[in-house]
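Asker: Work the whole structure out from these sequences, hints included.
Each protein sequence line maps, in turn, to chains A and B. Those letters in the first sequence? Residues 1 to 502, by our numbering. Those letters in the second sequence? Residues 1001 to 1364, by our numbering.
No false leads were mixed into what you were given.
Some but not every residue of chain B turned toward chain A, in silico, with C-beta under 10 Å: (1) 1215; (2) 1216; (3) 1233; (4) 1237.
Read the hints as simulated data drawn from the structure, not as lab findings. In this text, all values refer to a predicted model and were calculated from it rather than measured experimentally. Don't be surprised by glycine CBs; every beta carbon is placed ideally from N, CA and C.
Single-letter residue listing:
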Amino acid sequence: MRGITKRFPGVVANDGVDFAAATGEVHALLGENGAGKSTLSNILTGLYRPDEGEILVYCRPVEFSAPRDALDAGICMVHQHFRLVERFTVAENVVLGDHRREGRTFRLRYRTIERRVAELGERYGLAVDPRARVWQLSVGEQQRVEILKALYLDARILILDEPTAVLTPQEAQVLFETLREMAADGRTVIFISHKLHEVKAVADRVTVLRGGHAVATVSAAEATPRSLAVLMVGHGLGEGAPPKARAPGEVVLGLEDVSAAGDRGGAAVRGVSLAVRAGEIVALAGVAGNGQRELAETVAGMRAPTGGVVRVAGKTPRPGDPRAAIRAGVAYVPEDRLGTGLAPSVSIASNLALKSYREAPASSGPLLRLRRIRERAVELIQRYRIAAPGPAAPVRLLSGGNLQKVVLAREFSGQPKVLVAASPTRGLDVGAIESVHSYLHEAAAAGVGVLLISEDLDEILTLADRIAVMYEGEVVGETARAEASVEEIGLLMAGGNDPRRD
Amino acid sequence: MVAVPAASLVFAFFASGLVLLATGHNALSSYRRLFDAAFVANGALGQTLVSATPLAFTGLAAAAAFRMRLFNIGGEGQLLVGAITAAAAGLYFGGSGGPSAFAIAAMVVAGCAGGAAWALIPGILRAFFRTNEIITSLMLNYVAAYLLTYLIFNTQSYWRQTTGFNAAVFPTSKDLPSSALWPGATIHLRGGILLPLGAGFAVLAAAVLWVLYSRTRFGFEAQVLGDSPRAARYAGMRTRRKILAVMAISGAIAGLGGASQDGDFRHTLDADPNGLQRQYYGYSGIVVAALARYNPFAVLLVAFLVGGLQNAGNTLQGADFPSGLVGVIQGIILFSALGGELLVRYRIRISRRPAAAPPAPEAA
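Answerer: Here it is, written out as structure tokens:
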């Protein structure tokens, strides 16, 4: 890709980006959120057209006017959010995007397709049953289906958008091997990420994007995480201030034998007991889907427990009533920022007042005090350095990091006793992650009991005082940070310690 | 904000002009007559207000619910039920003599209550059983219409005229007593324009709605709930209560429109199959609300324009004027208003697909 420029109203997402990936290499595209990675890959897959610049595939200039054209040129993308039909089988999903071979004819010859899928799976270590229905598969398996889809289409250039976001460390290792295998086969793998150690682990070369520019292309072997981080954010990173010794106070959040049902029925949380003290950060580690979200929602009153008691600062707020939880002093940063944590089309000012609009000074009687709400929003936007066009702009216009800042600004300003933060840094760039972390530290220092739900072990190890691991709805282990090792936690997260498996 | 509705109006007139030309009419003169009959001729404005007042009520009713993405299509039924309950109040509390504030107030309250109760049926179903309110409220329109017919034609109800010569020949409703008739203000202009009391109530309702939605906690919650029910629950809002309240408000406004039909215009419970039921104010109100983008004051303006159109259509209907014209125009307006929204969001571009890229050689 040469001199790619793409402008959106108000921003230049890509500014003269040169990018070249060679046959048979894993090439990482590294950058913060908003650095232009997604835009660049969307151009490469034909979703957007560049305003300037040209794309060459195997030395031939091409012009994509639709994603179909990119597919025809052998370029395939595995999106972060899978594009699979849940009710279809693996084989059906694989043939879905195909408009040559079997997909072209009226009748589908499933036997042939299934055989080919199985062959491909074996060759690249992507074992999935071609007859399984997608909804029955784990997230890791679904990702394999996405990759199989690309291989089935004979994609010679494969783009993966943050593929490890949904995987355990062990699963990620397997994925890396698959990617190396594919590169060795003469394919080109473009790996989009903002995790430094992953890029180090899997890539041959790394192109770093910053603010829409390609700032450098370096060899992964010669780069250090530190040098990459400097390229990515443009300045040196603090080593993560060593957590100060905090004297934990009394228990502010007490869970006693709490159980809760999942969205599709069935127990999602099974008899969890946990205590969080004032001024302490307790991390709840675990792979997504092991009951952490349900547990967080139970604490926040959004889900009624089927058993057990949730105590907040000694009181028991009415279960299943978010307003009671808010009154009791529970702040909640939900995993789903836009949609649960924020109302997308509503203004930033209103979203900042989402929990305080009921009381003075945001309202008096039934009337809102719009000026006060606005002033407060301006104040919070400044204090939390939220990059926003203004308090009246709909919140959905903000980038991921700024959305999270809006949520955090609101939750912290409510002077909570307990803060439940579910994957608060997921999908954020390094700079935003750092500020989220410092806000969490601040909260703990101010005597808030923080329950941090995260899959990111680095994050857990830098932040938490204590670590509990959740697996299939239960807490399977709990340790102080000092005694914790990444391997052991990773093993617990993957259910390696599950007595039922013995 | 204004561009799409305005453009769709222009487009509708242009497209209907083509229809007129194709059928051998002079488009310009037809439009001139239309405009004249709606807003200029002697007595035209008064007649336009007669058509516009119910549209303002049903438009406001639709806007109130649609703002929270609660699709209450039942304005029609709520208006009819409001007319039934208000007529009962008028018959009961009215007497001889001049307009009585008490009787009129009773009609207003009864109309609002009737409409609200009718709207609460889909509201409760939606809030507690997650039933689709579009379907239930729509179906209840038919129930309300049949109920109205039943009350006068199939039973000796309180509303039916049972004494007198005519009543024995043909079933009719009782006339409202004179003190239950709503007074109007006359503006001495162009032969006198009668400003019905209902029009005043509509303006009042618009103002109340505006304050409610833009200045109160209630409106704040409705806005968040309409945008993201999950965020509303997260913020501790009482979702079910809000659905019930908004449906009740929406129904009450439509029901007030029904009361105004009784008191202002028809002076009886109009059960004639070709009367009130044939006007379809409830459905036109949805068009009005959509064109007004659910802004209460814009609803008033749009109701006035659409009312003028309907009034002119009625006045001009005859051998030399295409009777379907007004319906065609109204349909095209709605069509282009909805289509216009699409054009604002997406860009249509016609291009020829380039030939598929040739298969590339294996080596780069």
